[in-house]
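A.B. asks: Could you build the full structure based on these sequences and the hints that come with them?
Each chain is listed here by its residues.
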Amino acid sequence: MPFFVGIGLCKDVFCIHKYLRLLMMKYLWIFYFKLKGMIFLKKNELLYRLAQMVITLFGVTLLTFGLTYVSPGDPVEMLLEVGDTIVPKEMIEATRHQLGLDQPFYLQYLRWLSGLAHGDMGLSYSAKMPVADRLLQGLPGTVALAGTSLIMMLLVAVPGGILSALYRNRFWDYLIRGFSFFGVSMPSFWVGLILLYVFGLKLGLCPIAGGVVTWDRMILPAATLAIAMGTKYTRQVRTAVLEELGQDYVVGARARGLPMRSILWRHVLPNACLPLITLLGLTIGWLLGGVAVIEMVFSWPGLGKMAVHAIEMRDYPLVEGFVLWVAVFYMGINLLVDCSYAYLNPHLRKGRTH
Amino acid sequence: MLLDIAKLSVSYGEHLMVQNVDLSLDRGGVLAIVGESGSGKTTVIRAVLGCLPHEGRVTGGAITFNGKNLLTNTVAQWRQLCGTQMAMVFQDSGSMLDPIQRIGTQFVEYIQAHSSMNRIEAAAAATHMLARMHLANPENVMQRYPFELSGGMNQRVGVAMALFFKPQLLLADEPTSALDVTTQAQVVKEMMHICREDGTAIIIVTHNIGVAAYMADEILVMRTGRIVEQGPSSAILQDPQTDYTKELLQAVPQIGEVHHDLY
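Listed in order, the protein sequences are those of chains A and B.
In case it helps, the working numbering puts the first sequence at residues 1 to 354.
In case it helps, the working numbering puts the second sequence at residues 355 to 617.
Hint data in this document are derived by calculation from the structure and do not stem from the laboratory.
Watch out, some of these pointers could steer you wrong.
[Stated by the list, open to error] Output of the computed footprint for chain B on chain A, the stretches with three or more beta carbons under 8 Å from beta carbons of chain B:
#, segment
1, 251 to 259
2, 264 to 278
3, 340 to 346
[To be verified] One side only, chain A facing chain B, incomplete, derived with CB under 10 Å:
#, residue
4, L245
5, G246
6, Q247
7, D248
Ideal Cβ placement from N, Cα and C applies to all residues, glycine included.
C.D. replies: This is how it looks when you write it as structure tokens:
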């Protein structure tokens, strides 16, 4: 008996697999066609945007290179002089030559560019490892912090903003706006320090010392960021929802006797999302560049802290690599936002076919 | 008596918009409210539908519909009444629909909000209703977004939605003034036709006396929130009593043409 049951099970499992695979194929096809349609509609614009991105990247990297070149301080001295040690001049010159820093500006830049074209971002002086590896070290911390704080922020700002808009100029609205005004007015590094003092030192709920990426160490910096962003976003959500509530289609929906709940969820909020998505894209780009102030306060091992350290140490290749990463990501996210915007707004999507 | 409005006053904030308006309407009757913009004619029918703008509220009087005073209604009672027993057609039905959802989705949502039809039944019924409003290729219209349709098509969609549940009272707020004259006549004709079939009473708000004359049994002239003149349409048109009504009649130079088109 068990043998047959076994076979039956196997057959079943096989069938489910087959079914699932078919289902997956179906959705992949649908997704593929949607994507194809979307890109096809925006093909010219997409190419244009990509070309624009490349030009911008040239500008950004050249500017960063130039700024680091003219900025005071010598990376070689920073590298070699530890404490009061006096380093012989010949050694400084030798290191400078070895790092290629004695070459003219344009040669240094071209050398860096050609390295980049070969997938080599150079070596970080201070970290003594390839720049790409150093960036990858800082990335998990930054991505984790960005994701967590973004989710925390949305969980507060979206309901807060909606509530505030629905109860405009009544108790809840005044309360929420009061809080958000309070939050906007406080500098985030100060909020961070207060949170550290209260929850870390006095209540002992969270570890104070950072340095590694763990969930319990992430709560306070993420909360600090969420407070800073959430207070701003609450107002944005409120404004967007109020704007939509005043539209004619809401009157139309009420006249048709639709329940307020479904007017809100099915019509007002999707429409209010459109302007907010653009804003969210900018915020995500900003977060993924690493939030230096917060990372310094909590000594969080992310890209922001790394960048500050790199600038202090005049670690040119690392600064350059960091700027490149931020620029690429910022523009990439914004491109994605524009695509999604065109996709969510039928007016933009269909406007192109006519 | 289907609808009876007694001494209705409405104010927007501090500003008194409508004062002491009395009107009554029988089942299947057609009443036109005529007046210049700002005369409070739209406010009256919005008050009937419980759909006044944010700062507007009824400050006095009574609105009795089917023997029940609407002003004592709860929000839920309004909701059940609106769109089923009473429905409204707006000046620009296109902007009264959600711009990022298809006509079909919104029509089906509306039907399902007031009935137990499933999605497929509702879609079929909606398509049928669009066809009744003489929309060519109604299946295609169901798949369109409001901005993809012309003003006349949107208006037909608006009328089709308003008349779907065979309401006892249709409130039409300048239903044709955004359309060109030919389309105006067609939309009005189709709307009247369906209303006669279903026994729907109409209150039409318009500044076009031509449309009013064609549709209404009775005309009510309003100015600055008060009733100026009231009576059977033939009497008002042929023998206006007040200077204001005479002015209104003269202010519609195309009245002969419209008459010609409509009759």
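A.B. asks: Output the numbers, in ascending order, of every earlier hint that fails for this structure.
C.D. replies: none
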